[in-house]
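Peer 1: These are the residues of each chain, in order.
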Amino acid sequence: MSAIRFDNVSKNYGAHHALNEVTFELAKGEMAFLTGHSGAGKSTLLKLIMHMEKASHGQVFVNEQNLSRIKPAQVPFLRRQIGVVFQNHQLLFDRSVFENVALPLRIAGYDSRELARRVRAALDKVGLLKAEQKNPIELSGGEQQRVGIARAVVNKPSLILADEPTGNLDPKLSAEIMSLLEQFNSVGVSVLIASHDLALIRRLKHRVIGLEGGRLIGERPAQVS
Amino acid sequence: MSATKTSTPKPSTSKPAPSHKHGASTSKVKFGDRWAAYLAHHKLTAADSLRRLFVTPIASGMTWLVLAIALALPMTLYVAMDNIKQLSGSWQQTSQISVFLRTGIKDSQGQAVMAQIQSWPQISDTRYISADDALKQFSNSAGLSDVLASLSSNPLPAVISVVPNLTGADADMLAQLQQRLSELPNVESVQLDMQWVQRLYQFMELGQRVVWALGALLALAVLLIIGNTIRLAIENRRDEIRVVKLVGGTDAFVRRPFLYTGIWYGLGGGLLAWVLLAVGLFWLTAPVEQLISLYGSDFQLKGLGFGNSLMLLSSAVLLGWLGAWVAVGRHIKSIEP
Numbered sequence: 000m001s002a003i004r005f006d007n008v009s010k011n012y013g014a015h016h017a018l019n020e021v022t023f024e025l026a027k028g029e030m031a032f033l034t035g036h037s038g039a040g041k042s043t044l045l046k047l048i049m050h051m052e053k054a055s056h057g058q059v060f061v062n063e064q065n066l067s068r069i070k071p072a073q074v075p076f077l078r079r080q081i082g083v084v085f086q087n088h089q090l091l092f093d094r095s096v097f098e099n100v101a102l103p104l105r106i107a108g109y110d111s112r113e114l115a116r117r118v119r120a121a122l123d124k125v126g127l128l129k130a131e132q133k134n135p136i137e138l139s140g141g142e143q144q145r146v147g148i149a150r151a152v153v154n155k156p157s158l159i160l161a162d163e164p165t166g167n168l169d170p171k172l173s174a175e176i177m178s179l180l181e182q183f184n185s186v187g188v189s190v191l192i193a194s195h196d197l198a199l200i201r202r203l204k205h206r207v208i209g210l211e212g213g214r215l216i217g218e219r220p221a222q223v224s
Numbered sequence: 000m001s002a003t004k005t006s007t008p009k010p011s012t013s014k015p016a017p018s019h020k021h022g023a024s025t026s027k028v029k030f031g032d033r034w035a036a037y038l039a040h041h042k043l044t045a046a047d048s049l050r051r052l053f054v055t056p057i058a059s060g061m062t063w064l065v066l067a068i069a070l071a072l073p074m075t076l077y078v079a080m081d082n083i084k085q086l087s088g089s090w091q092q093t094s095q096i097s098v099f100l101r102t103g104i105k106d107s108q109g110q111a112v113m114a115q116i117q118s119w120p121q122i123s124d125t126r127y128i129s130a131d132d133a134l135k136q137f138s139n140s141a142g143l144s145d146v147l148a149s150l151s152s153n154p155l156p157a158v159i160s161v162v163p164n165l166t167g168a169d170a171d172m173l174a175q176l177q178q179r180l181s182e183l184p185n186v187e188s189v190q191l192d193m194q195w196v197q198r199l200y201q202f203m204e205l206g207q208r209v210v211w212a213l214g215a216l217l218a219l220a221v222l223l224i225i226g227n228t229i230r231l232a233i234e235n236r237r238d239e240i241r242v243v244k245l246v247g248g249t250d251a252f253v254r255r256p257f258l259y260t261g262i263w264y265g266l267g268g269g270l271l272a273w274v275l276l277a278v279g280l281f282w283l284t285a286p287v288e289q290l291i292s293l294y295g296s297d298f299q300l301k302g303l304g305f306g307n308s309l310m311l312l313s314s315a316v317l318l319g320w321l322g323a324w325v326a327v328g329r330h331i332k333s334i335e336p
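Protein chains in written order, with numbering that gives the first Met the number 0: chain V, 0 to 224; chain F, 0 to 336.
Please note that the accuracy of each hint is not assured.
Pairs of lysine-lysine residues, derived as DSS-like cross-links and limited to a Cα-Cα distance of at most 30 Å, are as follows [claimed, not checked]: (1) V/155 with V/124; (2) F/332 with V/70; (3) F/42 with V/133; (4) V/171 with V/129; (5) F/332 with V/46; (6) F/42 with V/129; (7) V/70 with V/155.
Facing chain V, from chain F, some residues (calculated, C-beta under 10 Å) [stated by the list, open to error]: (8) 33; (9) 40; (10) 239; (11) 241; (12) 243; (13) 336.
Hints listed in this document are in silico derivations from the structure and should not be mistaken for laboratory results.
Every residue, glycine too, gets a C-beta built ideally from N, C-alpha and C.
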């Protein structure tokens, strides 16, 4: 069983080949890094998984669901299985931290008691329980990123995608974020992290998938430390 | 295959799960919760949409006022038409046919004619006015008793006043009736002032059409105003829509707050239009009643009434919702993460 499977996938924007015949698989419960320079196709690859873009050729499977056959009405339900952490965290500043984290649960239709319980559990996990009534704009960059992670995991997704989650953070905060993501992986969540923070990637022993110019350029298998 | 912290199987969020053996029972129990949560979310969204309108009170107030004016205009005409109808209805009852009998016939002959007319199905009432009674009435009401007294004989014929069972709209039937009456024995002439009845009805028909056309145009204006306002609201919440779509919000979920915004705009505009109309009617009541009393009519200016108020409010809400629906349908598709 795979969480993500790419089968000879290409994505073209006009004449530009953003992804070129990419084939790889992320097993359920696996954690891996996706590396490459900016423009290597990392973001395109994540967008294909989220079905924000459609593959030009080839097939993308998420939890064994073929995205080339997905109906528009099913897309929201695909996305509910995936928790996404963005580099610019994509928080909404017109509502509290609590409401930001609660958003996926409101969408999924949780009753208010269960919702509050889960939101607090997620905030507790990222160490921001005390900030629940604050506006995210009052928080530091690292805290905002942690709110983003809480929102990504609150609905207990089977897969977490992170797009440059440590992009704007100093090494200490980056390590914190990574260890958070590792904790989720340790309870069975599949995690794919796009990052060009090579120092960080080298230190962590997970599998690395390299992209360059839209092509896979080899992998580094997970290392047993 | 690995499990998350809870025992919930992962694919259950992807597809409707009732086919799973053990999932069926849990989803059944959860359906009630889900429904409650759905309703709770509607309430929350409705309240939040209303709250957002009050965050910018001046802008929202202006929109409400514009909507109120657009709604109040056709409604004013509608109420005016309603009143004219009522007024013409009271005229209707007096739209009688006067059947003038030959001079010199006996009252018994006249009574016989009346009995005959009375037996026709299209006649609702008849009244016999003898020549003597006619002279008396005339001298009393016209104040010409001196002049009339000087006449050697009664110049007035006996009259049968006939109230037909027809409305002024049945002009052909009235003409037929008139023809039939004039062919009766001992009838000198039949007088039916049809033209004013016809003119009034044509005028009312025209008026009604003007009201409908104006109403349709202004309903369109309301739709456009709300559509445009919602479009701006969507632009302002573009980021939110993107995030909601990213975390799995359905189109219905994205649409919902804007539909409520449209409903609130419609309801506010409708209420304000009602107030405008009520104030206007109140302002007009005294002069209209004075004018009417000069004509000795018991006509009373009809206000909006409960039914019309309800119609005004519900059509305002419906237009708000519809305008929002159109705007949301057009613009939300363009916002994709």
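Peer 1: None of the hints should be skipped; say for each whether it holds.
Peer 2: Quick rundown of the hints versus the structure:
1. V/155 with V/124: 12 Å, holds
2. F/332 with V/70: Roughly 15 Å between the alpha carbons, so the hint for residue 332 of chain F and residue 70 of chain V holds.
3. F/42 with V/133: 24 Å, holds
4. V/171 with V/129: 21 Å, holds
5. F/332 with V/46: 18 Å, holds
6. F/42 with V/129: Measuring from Cα to Cα gives roughly 28 Å; hence the hint holds.
7. V/70 with V/155: 23 Å, holds
8. 33: At 5 Å from the nearest chain V Cβ, residue 33 of chain F passes the 10 Å test, so the hint holds.
9. 40: 6 Å, holds
10. 239: OK, holds: residue 239 of chain F within 10 Å of chain V, min 5 Å.
11. 241: 8 Å, holds
12. 243: Given a least distance of 7 Å, the restraint on residue 243 of chain F holds.
13. 336: 5 Å, holds
Going down the numbered hints, you'll see the structure goes against none, and every one checks out.
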